[in-house]
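Residue numbers (the working numbering), protein chains in the order written: chain A, 1 to 197; chain B, 198 to 357.
If you are wondering where the hints come from, they were derived from the structure by calculation, not from laboratory data.
Even for Gly, the Cβ is constructed at its ideal location relative to N, Cα and C.
Zero decoy hints are in this set.
Just a few of them, taken from the derived set where beta-carbon distance is under 8 angstroms, the chain B residues facing chain A:
(1) Gln216
(2) Asn228
(3) Phe229
Pair by pair, the computed Cβ-Cβ distance ranges are:
(4) B:Lys222 / A:Glu158: 25 to 31 angstroms
(5) B:Leu319 / A:Glu163: 28 to 34 angstroms
(6) B:Tyr223 / A:Pro129: 42 to 48 angstroms
(7) B:Phe324 / A:Ile11: 42 to 48 angstroms
(8) A:Asn15 / B:Ile206: 37 to 43 angstroms
(9) B:Phe227 / A:Glu163: 32 to 38 angstroms
SDA-like cross-link-like pairs, simulated, lysine to any residue; straight-line CA separation at most 25 angstroms:
(10) A:Lys9 / B:Val219
(11) A:Lys42 / B:Phe229
(12) A:Lys123 / B:Asn329
(13) A:Lys66 / A:Thr188
(14) A:Lys120 / B:Thr218
(15) A:Lys173 / B:Phe227
(16) A:Lys168 / B:Phe324
(17) B:Lys287 / B:Leu204
(18) B:Lys320 / A:Val84
(19) A:Lys190 / A:Gly150
(20) B:Lys222 / A:Asp118
(21) A:Lys120 / B:Ala311
(22) A:Lys171 / B:Val331
(23) A:Lys100 / B:Phe263
(24) A:Lys86 / B:Val214
(25) A:Lys173 / B:Thr314
(26) A:Lys17 / B:Val219
(27) A:Lys9 / A:Phe24
(28) A:Lys173 / B:Tyr325
(29) B:Lys222 / A:Ser180
(30) B:Lys222 / A:Tyr179
(31) B:Lys313 / A:Asn119
(32) A:Lys171 / B:Ile323
(33) B:Lys320 / A:Glu83
(34) A:Lys42 / B:Phe220
(35) A:Lys42 / B:Lys222
(36) A:Lys173 / B:Phe326
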Amino acid sequence: MKIKLIELKNIENENLKLKKLLNFVDELKKSTKKDLNYVGAKVIGYSGDNWINSLIIDVGSSYGIKEGDVVIADGYLVGIVSEVGKFSSSVLLVSNKNFKITCRTKKTREVCFFQGVDNKTGKLNFVKPEQDIRIGDIIETTNLDGKPAGIPIGVVKEVSYEEGNFFKDVKIKLFLYPYSLEYVVVLTDKKEENEKK
Amino acid sequence: MKKNDYLLIFLGIFTLVLQTTVFVKYISIFNFTPDFLAIFVILFTLNNDFKKSIYFALFLGLLQDFLTPSIFVFNTISKVILSMITYSVKRQFYLSEMWYKSILIIGLSVVDIAFKTLLIFLKTGIFYFSQNYVIYIVLNFIIFYLFAINNRFFNKEQYS
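One chain only, chain A, in its complex shape (with noise of 0.2 angstroms):
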């Protein structure tokens, strides 16, 4: 009896995280104008190095996964696919110091680009003085590199000045920690898949 309870609890739990990740994919379907198409996979491994973070999930090519592939969770963007086999690819997780990204701040568009650093944060090389962003900004994808736009990487969380410097520091405070994932969301271009077949 109590083992039927605590696995009830389980798949309770699981339709949850399912049905957040479903709602979000509604909400970008209504908001993108890219064809995307929306594969879900489930986490099924870890990079097992303290030094470079990625995720290994349960989707390859045979469900049309590719090289550069937008891997989302929670509504938010938890990496880009950086190695595809049969049945099951590799995600470069965005708390990866080789993760590097065009993004753009919500509020005030400025386009700056993104670069992880370790599991929580992550840092946005040049910028210039002039640009406007601030403590408090979310920094999101943008389409100029090609990939869907307004998923939310991170949020402003210390922004330097040194005079004399050509480049701002500013840091970046990660909204997913990527170990207490279970289920992602890839999107693919439909696009691309058509002109393959």
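Chain A is already provided as a structure; the job is to place chain B on it using the hints.
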């Protein structure tokens, strides 16, 4: 290869699977998990000859790198370096005392951190050195100690 070698290879793969699925998620303090594979390589080197240890470190490092995107042979080089240092220290000191082994695991964890930080700096331009690396050293130390206490490998005769 002996039957024992196959068993160790299987154990290595099993440790890798556990590290990439369970340990990262559940044995993590301040986002740091102990590197069970590094500890495994060190223990293996302490009890085997040079050639065998290097091959084993190379094999486990490559396996770990196959599951890690972005910097290829990152773990392979790190594991081989750990194995080489362990072997050279093993030949110079009498390593049967737990005290010496404790210094060895702390020293090797520091080398591991320094090497990986340097490699990431060369690749990404970010020199990130966190105080939390101490946690990584402590976790490696604890796991190594737990293994070492109940390990048949650590009989005094082997190093005398």
